[in-house]
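K.L.:
The chain contents come next:
Protein chains: 2
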Amino acid sequence: MDAVQKANSGHPGLPMGAAPMAHALWTRFLRHAPNQPNWPNRDRFILSAGHGSMLLYSLLHLTGYDLSMDEIKNFRQWGSKTPGHPENFLTPGVEMATGPLGQGIATSVGMALAERYLREKYNRPGHNVIDHFTYVIASDGDLMEGVAQEAASLAGHQGLGRLIVLYDDNQITIDGSTELAFTEDSCAKFDALGWHTDRVDGMDIEAVSGAIARAKETTDRPSLIACRTIIGFGSPNKAGSESSHGAALGPEEVRLSKQALGMNPDKEFAVPDDVRAFYSVARSNGEEAVAAWDAAMAAYATEFPAEASELRTALAKALPEGWLSALPSFEKADATRNQSAQIIQSLSEKIPNLLSGCADLGHSVKTPIKNESSMQKTTPTGRNINFGVREHAMAAAVNGMTLHGGVRAFGGTFLIFSDYCRPSLRLSALMECPSIQLFSHDSIGLGEDGPTHQPIEQTMSLRMIPNFNVMRPADGNETSACWRLALDSRETPCALLLSRQNLPILSPAYAPGHPAERGGYVLRDAGDFQAVLIATGSEVALAVEAHEALQKEGIATRVVSLPSWHIFERQTKAYREETIPPTIPAVSIEAGTTMGWHKYADVCVGLDRFGASAPAETLFEEFGFTVANVVATVKSVL
Amino acid sequence: MDAVQKANSGHPGLPMGAAPMAHALWTRFLRHAPNQPNWPNRDRFILSAGHGSMLLYSLLHLTGYDLSMDEIKNFRQWGSKTPGHPENFLTPGVEMATGPLGQGIATSVGMALAERYLREKYNRPGHNVIDHFTYVIASDGDLMEGVAQEAASLAGHQGLGRLIVLYDDNQITIDGSTELAFTEDSCAKFDALGWHTDRVDGMDIEAVSGAIARAKETTDRPSLIACRTIIGFGSPNKAGSESSHGAALGPEEVRLSKQALGMNPDKEFAVPDDVRAFYSVARSNGEEAVAAWDAAMAAYATEFPAEASELRTALAKALPEGWLSALPSFEKADATRNQSAQIIQSLSEKIPNLLSGCADLGHSVKTPIKNESSMQKTTPTGRNINFGVREHAMAAAVNGMTLHGGVRAFGGTFLIFSDYCRPSLRLSALMECPSIQLFSHDSIGLGEDGPTHQPIEQTMSLRMIPNFNVMRPADGNETSACWRLALDSRETPCALLLSRQNLPILSPAYAPGHPAERGGYVLRDAGDFQAVLIATGSEVALAVEAHEALQKEGIATRVVSLPSWHIFERQTKAYREETIPPTIPAVSIEAGTTMGWHKYADVCVGLDRFGASAPAETLFEEFGFTVANVVATVKSVL
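Going down the list, the protein sequences come from chains A and B.
Here numbering that gives the first Met the number 0 is used: the first residue of the first sequence is 0, the next is one more, and so on.
Here numbering that gives the first Met the number 0 is used: the first residue of the second sequence is 0, the next is one more, and so on.
Quick caveat, the hints were computed from the structure, so don't treat them as lab data.
This one's a predicted model, so the numbers in the text were calculated from it and none came from an experiment.
For each residue, glycine too, the CB sits at the ideal point set by N, CA and C.
The reader is advised that the hints may include incorrect statements.
Residues on chain A that point at chain B, a partial pick, calculated with CB under 7 Å [what the hints assert, rightly or not]: (1) M143; (2) E348; (3) P351.
Take a look, some chain B residues computed to stay more than 12 Å from chain A by CB distance [claimed, not checked]: (4) P82; (5) E86; (6) D174; (7) A290; (8) A358; (9) E390; (10) I415; (11) P511; (12) I554; (13) Q570; (14) W596.
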């Protein structure tokens with residue numbers, strides 16, 4: 000109440016109503032180490048209803064994380080560690096950024112998948128080195144979001160017994176009673192999805208504790224505990240009403256609430272000594288848990304040195320030594336989706352915890368690792384994940400697996416469906432979580448499926464997400480380079496945009512240090528070039544053909560392949576201007592929107608309309624992706 | 000089979016497996032008029048599983064729509080009316096574009112909402128002038144998508160008794176058995192959502208017919224009929240397998256299938272005479288239905304002339320005469336979301352079927368029409384729609400209401416959550432469906448909620464969608480202008496981007512013909528200007544301040560307000576170059592990504608990183624949206 004009041008901004012209702020359930024969870028169940036927030040075997044706690052951030056900050060402060068009372072007082076202010084919604088990269092103990100509803104619960108499914116995979120793969124009798132739960136507090140808003148429903152269906156299918164969701168069922172949404180829009184029988188729905196469900200009085204700590212205990216005992220299914228709570232509990236005039244949801248209570252109501260709760264109304268930011276003492280055991284408990292785990296890992300390493308070494312490397316979010324040698328070089332024309340498949344196969348042999356997922360397009364995006372099984376409840380160490388037609392939950396789950404650590408997972412679908420996962424893609428960038436997505440069928444080259452399936456604005460609009468690395472390789476060797484960049488990335492998510500159709504080999508044989516690893520480079524050159532052709536992916540071949548045609552006419556041009564704007568823009572200014580000299584006319588060629596290209600190009604060959612259903616060759620021809628049109632365009636700028 | 004085989008591309012499996020249920024529906028239940036595809040009281044039929052387009056084309060051809068056998072033979076070819084996925088703007092009888100899974104079923108919910116609203120509002124005892132059903136064929140992929148689940152929950156809450164979904168439960172997805180990823184109990188789930196559910200043998204026409212009849216009798220709830228089918232039915236070697244899903248069967252398998260089905264294997268594109276005769280009654284039946292409806296409307300008009308006139312105008316997708324006079328002019332600084340609220344209120348009195356929706360942010364986006372009730376199953380003529388925290392389903396439902404006609408609906412949420420609805424926004428643009436969305440809290444001006452809630456790339460990335468009109472008004476008068484453009488739009492969806500914070504009045508008093516209705520215009524000028532400042536929305540005020548500061552230093556500049564790129568780019572070249580002279584240095588100012596702005600500007604004042612949690616004024620200051628920074632930037636280009 001005090002922090003929200005001081006900021007005069009924020010959400011007091013959820014922290015006040017969900018405090019009892021959070022108290023039960025954090026003081027009786029959660030295994031964590033406040034002085035080692037990144038301890039790999041900690042239970043994960045996700046506040047999916049991120050607007051209740053002050054609940055999380057209170058818990059972190061009380062249990063001894065590095066989050067001082069000054070930070071609490073600085074809620075929602077510039078430079079504080081207590082932003083309006085939780086941000087994992089700012090605040091120790093925050094597992095992920097939440098706020099966009101549904102993302103927390105969906106990401107948690109990925110964390111639970113990663114935990115189970117590692118547990119089943121590495122534990123040995125008497126050695127439970129991976130052994131934790133994933134807990135979520137979710138709101139009605141979370142449960143209404145499609146991404147959460149996709150994820151819940153997936154979690155039920157997978158039987159994720161270590162995933163426990165506490166549903167803060169306060170019957171209030173921003174606009175009023177949940178009766179306005181949300182009257183489904185949530186428990187019955189989750190039952191139908193294969194979950195264990197329970198319904199308790201969320202204001203009763205014993206009742207919540209009992210339900211959590213029962214959920215922990217239910218090992219074959221994820222658990223939803225619907226906790227009936229009172230939003231803004233304690234506030235005499237605002238409890239149970241949407242008025243406590245998203246605005247400070249007001250100074251007088253804060254006083255009245257403190258009185259009603261038996262607290263001193265004159266004190267602000269006061270933590271009673273007994274409360275502080277009660278919570279402070281979390282630190283020593285955490286130290287003991289970490290020490291016990293260290294000992295367990297040592298014993299494990301003695302008996303299973305190879306497994307322990309592999310696991311330690313994975314938990315450190317490192318890759319096995321020598322993995323770069325797995326990246327192939329290519330000599331033959333092929334679709335980059337096929338070349339990517341070869342790369343995946345080769346990498347999968349060097350990187351034991353590389354997990355491949357796809358949203359029911361495995362045959363098309365070519366994601367499955369051969370000779371590995373599907374990850375299912377009966378085969379939890381399978382390395383191919385069938386996400387179903389759930390692109391959004393897939394992207395969120397990949398974020399969860401990547402944040403969890405120990406595995407390196409990627410997802411796959413058609414580029415057009417990146418629109419379906421966009422909120423999770425953006426969140427990965429914000430969280431500095433290096434998730435990887437493969438987006439194939441990356442242009443009108445998709446052909447007959449037509450405009451509903453043909454990306455136009457997707458490539459550029461993904462490039463616009465801050466800290467998001469879009470890579471569109473022109474051939475197999477660039478594809479290897481892009482895979483290298485993706486796996487090397489520590490804080491930036493990456494998307495590889497792959498062609499359906501065959502592309503010729505144009506770039507040098509792949510070896511680490513391939514010029515594409517600088518994001519953009521000169522692919523073809525001619526002395527005293529009069530224009531620069533800048534292209535990506537499948538259009539690089541067209542640029543090269545046009546370059547050759549112009550050469551015959553005595554017009555010297557340079558071809559720059561620009562697979563990654565993100566990486567190129569992080570090169571030195573000297574390199575960038577050497578590659579694309581600002582004083583020379585430039586023409587961009589990309590089978591997508593021209594918007595954005597004016598940054599580099601004077602004239603753009605692109606597509607500012609929807610595509611059409613026809614064979615790919617027809618489409619490229621009809622839409623001007625021809626040597627003749629590029630040649631004419633170049634001449635127009637000279 | 001023949002069409003897919005001739006194209007050597009497409010999806011034979013669904014049309015073959017779902018033919019029996021489609022036959023039952025189209026020959027025994029569907030009320031439609033092949034020679035009047037836009038008859039307002041037709042039953043709507045949506046093939047949500049749009050990849051099965053050849054099923055729909057077959058039905059349209061057989062029942063006598065303007066879709067010749069030559070078009071069928073031209074499946075998936077350039078210029079045909081039979082694209083890979085159905086496109087409403089190309090093919091008579093196609094209600095909407097489908098293909099991106101989940102969109103069809105979600106859009107149908109909007110159609111059913113519109114039908115119920117009109118039926119309850121306009122019908123009178125003995126006069127059932129609005130009286131139709133909305134039928135959907137959906138696949139497992141549709142049901143897995145989050146947008147469909149949001150929409151199903153909403154439909155159950157709303158008790159949409161005229162919505163009937165046939166679920167093509169063929170147990171096969173692209174990657175194999177649904178056992179791989181989709182094992183929920185769909186009927187139990189839909190039960191929990193408040194639906195009537197039924198399970199039948201989908202290959203049994205009588206069983207399907209019985210289930211449809213029962214669903215029609217269930218008037219208080221939407222219906223899901225799970226029809227167990229056999230994908231690729233009739234193909235001896237591919238039926239029941241994913242191999243029949245997304246590729247031609249092959250010439251030999253086509254022959255074998257025809258033999259197995261008792262057809263002549265040597266004949267291609269053959270329609271037996273008895274089949275043609277059986278289906279051809281649809282045309283005369285349709286003519287009779289339309290004639291009966293015309294008579295009913297005439298009788299209705301006699302008894303209820305005012306209602307009939309209002310309804311006719313609405314069904315013609317026209318607005319009542321004189322509606323333009325409802326658009327207010329503004330004199331006082333205010334947030335454009337508040338000014339939009341005033342506009343909505345005023346318009347709602349002139350436009351009787353203007354419906355306002357919001358995804359649980361009504362208080363913030365300021366969408367609700369005062370003195371109108373919430374649209375609920377007990378109050379179906381309420382004009383405020385509580386979509387719940389279901390942005391994606393909201394956008395799809397608005398598309399459905401707009402496509403249905405008779406109502407003009409808009410949705411509302413924060414701009415950041417446009418990412419959640421992006422597939423439906425794109426689809427509205429592709430479908431040439433003039434849906435309207437209000438996106439408020441349109442920049443870091445949102446303040447303390449922080450980077451998860453602050454749009455950066457959203458404005459520009461929406462601008463990139465072909466045929467999508469993004470409007471970001473600078474003040475109340477521009478807001479009126481943008482509302483006018485939105486309501487006048489016939490084929491282009493519009494989004495109004497609205498500020499949370501107050502903005503001064505800068506533009507002329509509003510009257511139709513306001514300069515903002517040209518998309519961009521000169522707001523402030525100075526003789527012999529040396530630079531042009533181009534801004535949108537809240538940054539226009541900053542541009543004006545900088546212009547004045549520069550003026551004091553003797554530097555003459557022009558300020559261009561550019562609320563709509565889409566409209567501006569449709570003005571004459573002369574007007575555009577007169578407004579933004581290509582030879583004068585230009586600086587853009589927009590609190591969002593700079594990508595895309597190089598089209599108009601030499602230097603950009605923008606934000607190419609995520610925002611932060613702090614009061615809005617702090618953020619604008621810290622991120623360089625200051626007069627000093629703009630002045631310095633202008634000087635840098637001179």
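K.L.:
For every hint, state whether the structure bears it out.
P.N.:
Each hint, compared with the structure:
1. M143: 4 Å, holds
2. E348: Because about 23 Å separates E348(A) from the closest Cβ in chain B, which is outside the 7 Å limit, the hint is violated.
3. P351: With a minimum Cβ separation of about 23 Å from chain B (threshold 7 Å), the hint on P351(A) is violated.
4. P82: Non-interface label on P82(B) violated, nearest chain A Cβ at 3 Å vs cutoff 12 Å.
5. E86: 7 Å, violated
6. D174: 5 Å, violated
7. A290: Since the minimum Cβ distance to chain A is about 36 Å, A290(B) lies beyond 12 Å and the statement holds.
8. A358: 9 Å, violated
9. E390: Violated, since 8 Å does not exceed 12 Å.
10. I415: The claim is violated: I415(B) sits with its nearest Cβ about 7 Å from chain A, within 12 Å.
11. P511: 30 Å, holds
12. I554: 25 Å, holds
13. Q570: Label holds. Min Cβ-Cβ 16 Å, cutoff 12 Å.
14. W596: Contrary to the label, W596(B) does not stay out of reach of chain A, its closest Cβ about 8 Å off (not over 12 Å).
The structure does not agree with the numbered hints 2, 3, 4, 5, 6, 8, 9, 10 and 14 stated previously, though it agrees with the rest.
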